[in-house]
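Undergrad: Spelled out from the first residue to the last, the chains are:
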Amino acid sequence: MGVIEAEDVTRRFGEGDAAVDALRGVSLDVPAGQFAAVMGPSGSGKSTLMHILAGLDRPTSGSISIDGTEITELNDKRLTLLRRHNIGFVFQFFNLLPTRTAEENILLPLQIAGTKPDHAWVEAVIDRVGLGERRRHRPAELSGGQQQRVAIARALVSRPTVIFADEPTGNLDSATGGEILKVLREAVDTYQQTTVMVTHDASAAAVADRALFLADGLIVRDAPCHSASDIMTILAELSAG
Amino acid sequence: MIRYALRSMASHKLRTVLTAIAIVLGTAMMAGTFVITDQIRNAFSDIFGTSFAGTDVYLSRRPAFGSGTGQDQVGPLPASVIAQVRKVPGVAKADGQIQAAGSLVVNGKYLKSQGGAPNLVVSTLPKPFNQNTLVAGHYPEGHGQVALIEQTATDHHLHVGQHVELTTLVGVQPVTIVGIFRFGNVSSIGGATVIATTFADAQQWYNRIGKTSTISVDGEPNVSPAQLRERIAAALPHFVKAQTGPQAAKQQTDQVSNSINSFFTPALLAFAGAAVLVGAFVIFNTFSITVAQRMREFAMLRTIGAMRRQVLLTVLGEALVVGVTASVLGLVAGVGFAKLLGALFKAVGFGLPLAGISVHLWPGVVLPLAVGIGVTMAASFAPARRATRVPPIAALREGAELPPTRLARFTPYIAGLLLVLGILAVFLGVTGSGPTTQRLFTIAIGAIVSFIGLAMVSRYLIRPLARAIGWPLGLRGGASGRLARENTTRNTGRTAVTAAALMIGIGLVVFFSVLINGFKQSFLGSIDKSVTSNLIIQNHSQGAPVPDAAVSVTAGVPGVGSATGIAFTNVRIGKGGTDVANGVDPQALPKLYQFQWQKGGSDALLGKLHGNNTVVEEQFAKSHHLSPGSTFQVTSVDGRHLTLHEIGQYKDPVLFGGFMLTQKTYARVSTDANPQVLLVRYASGANGDATTRAVKAALKAYPDVNVQTNSEFKASFSKQINQLLYLLYVLLAMSVVISLFGIVNTLALSVFERTREIGMLRAIGTTRLQLRETILYESVITAVIGGLLGIVIGVVLAWVVALGFRSSGIVFAIPYGQVVLSLVVAVIAGVVAAAFPARRAARLNVLEALQYE
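Each protein sequence line maps, in turn, to chains E and W. The numbers in the working numbering rise by one with no breaks, and the one at position 226 of the first sequence is 226. Take the position in the second sequence, starting the count at 1, then add 1000; the result is the number in the working numbering.
Some but not every residue of chain E turned toward chain W, in silico, with C-beta under 10 Å:
id, residue
1, T80
2, R83
3, H85
4, F89
5, N95
6, L108
If the Cβ cut is set under 10 Å, some of the chain W residues that face chain E in the computed set are:
id, residue
7, A1479
8, S1480
9, L1483
10, L1769
11, Q1770
These are calculated hints, taken from the structure and not from any lab test. Being a predicted model, the structure only gives us computed values, none of them experimental. Note that the Cβ used here is the ideal one computed from N, Cα and C, for glycine as well.
Kindly generate the complete structure, drawing on both the sequences and the hints.
TA: Set out below in structure tokens:
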């Protein structure tokens, strides 16, 4: 049984003639410890899918369970608590608090949850993402790559069931992006951290265990990943129709 | 560019409205002040115009100096003048009138006037002088008949034919109500009670035998009032002042006008000014924040070729539209505010007659408009100039910061200097010489400058203050408390100005609380220290005399050890200012009042207090350069001179300012020798309660006197002072309300600015409640900073003023309860201000917020 289970999820925006079906019946299953990449051209519904899986948006129909909890019926409060305890986020634009140092940003989820930080764990996470000496710096004093490392550490620190990463390399140059992907990959391997990453970059998807290809609101291919070239091939096949 | 400005404002309606409100309220207060003072003035003008309509020439005693008090305070004329006037050619008719203080007693109950208004007794004048309108019955024609003004009759359910009693200087007199009238055409003069008697009764009852207060003259048809006035003035001695009817009406209207203009108007305008100042802070802050938020927009304008001047005009154009709209709305709201003020004064007991509303261009319309628009423009000028410094390149960069101004590094020094200079100006204003208005102006400017200085200094205090205030919130609120604290320190300048707006309101509240408490404590302290009486007896009608007979009656009550009356009046000293002459009984007084003798004096000096000898208060001696042995001349209000010989000095600037004379000598400088205060001390061994009851029983015949124990007296004094304080609080509430809008505005703009951050916080598990708490704590921290700063500046300014008045015996005493209360008000303001922005933040859609740019 997967940590994430989605069953026939649809999402319709707008009503009547103006209605747009972003998702048209998506089912998927992500087992624990897997690093899954969601790929697809813009407008394919990959972001919508991630938002719904992460409890940021609600499906029009279908069911989603995270770690056995059906989330489509949860009210805002329960959903928020679910995000707090079961989900970690890595955003394209980092979204760090400018007033806080790297370390303080990392501790933010624990503070919000009101849990006492486990110092050994926090140290391990900071070490894992390679932020050792930069921990006392504020976001403005950090490079984009360093900021994203902070964001990854912030996602890891509450030991979530699953981390959702939304175009984590989208705002970075390719060399830095590569380092960030490495950090994510290592985190998955070290902590068996289930991770779902949305990306349109084939080389990014290549570090995942599995790639899901979306087009027009449907999963059109679900394949294990081996290399960027494999993925390029699949993309070429798909676009050839 | 103006069209661009308008469009930009339309797209930020809420911000525009909140900013405008800050100015609407201030200008409304200003406009309302002019409206209501005008109404009061017109009402009195109507009243006096009507009452003198049938009078060609009006005679009264010429005051020896401007006493500023009512007509009969200057003393009566000999009744023989009436006969003299009648002999002047051209005089058709001349009659005397007596004006005195007294009220009715109905079923043993004394009828008080409302809210400090006088209890008037006037003798009835015949036609054409009598311009009143009868509502029922007739005017008094015989002994023991009285007529009442309609309001008094209605208020106390009195009717024609009713037998009641009237308080007089010779005890209560039985009278019959024979008529009810309107004053001209109005049913009331503020809250005053008005009782008309016959001329003969008034002479008998109010110590005016052979005298008259005033004389009204009607001329033959062929003589003009002006001619007649000249003839009469030529025929009568100099102490008779002759005025035509319109002159008298104008003079009395002017007297009211002057007292309004010298206190009422400036006081109200000062509160309106405080509100406008707070509004200026709100405007400055809102424009600063929006300019910072619109940097990319300005940079974009610059890249497409807009000149700096055009950017400046865009922002100033917005300010102009806000200023004009808000000021015009303020004018309209001013009418409502005037109504509110009228109701407020009535509620706290200052019942004043109000005429209909009339609008005058100057100053009623022009001044509030000019101030409202001017302040808006002035407050937005600095932010507008900052907007011009946005480099075009900022359009392409995210999170570009405005370059600091060249003067930025001097700011802390300038701020500190302003603060010190402001406080110094207040001190100089208090202690300086020169006209009162000029000194008050210096104090006001000093206060404003010190507020601005502290507001500028405070940005350097925000971090430690936020840390201290946020600490308990952090304990209780966890992440919310910490986030709130961080948010308030994110832009210290912004938080400082937001807090400063509240600081002004709270600062003024604390300033007046401390100052008035000091005044109260000085008075109560002096009584505790020096007055050894058990009872203090006064007239119910403030300042009115206690009948002399009541003194002897009280002295004869078993259990009373000593009783002494004290009379006081204003006299002119030498050729200069006025001061207080106190008429005392040198034998009795030391048993009831403990002198603090100066220069080696002792109670033995009182043995020498006879004839023209006087003992003087230390401050009085100082300001007139007197020492034991020196002499000085005093002039009574009715023009009698007396040379006094100083034999010693005591210290008590609060209760016994001026100098003391024997009651016999006092009568030579006063128009009324009856005392205003009667002090009573029980005989040793007498039962206190029983004696108090006995004194009250003995004084039943004088229902206008109010018998109070010392503690009752002190309590009623405190109550009066507190009432004044409450009135000030209500007037200052406007300033607090405006600053509240400022907090709302800052929070709303900050929430808007942090939209994406809020999205992130919600995504990683912050609940709506936690988010609301964060905004709430942020608001409370800001408000409490404002409150604390306000308390500090209020206390400091009050201390400076108290220091300046130290020689007058005013002490500096902090009313801790009220100070704590003002902090509670700040907390409440913070909670209220947070409601709307917190709701807005909590309702943000997480996804949209995350994608917000």
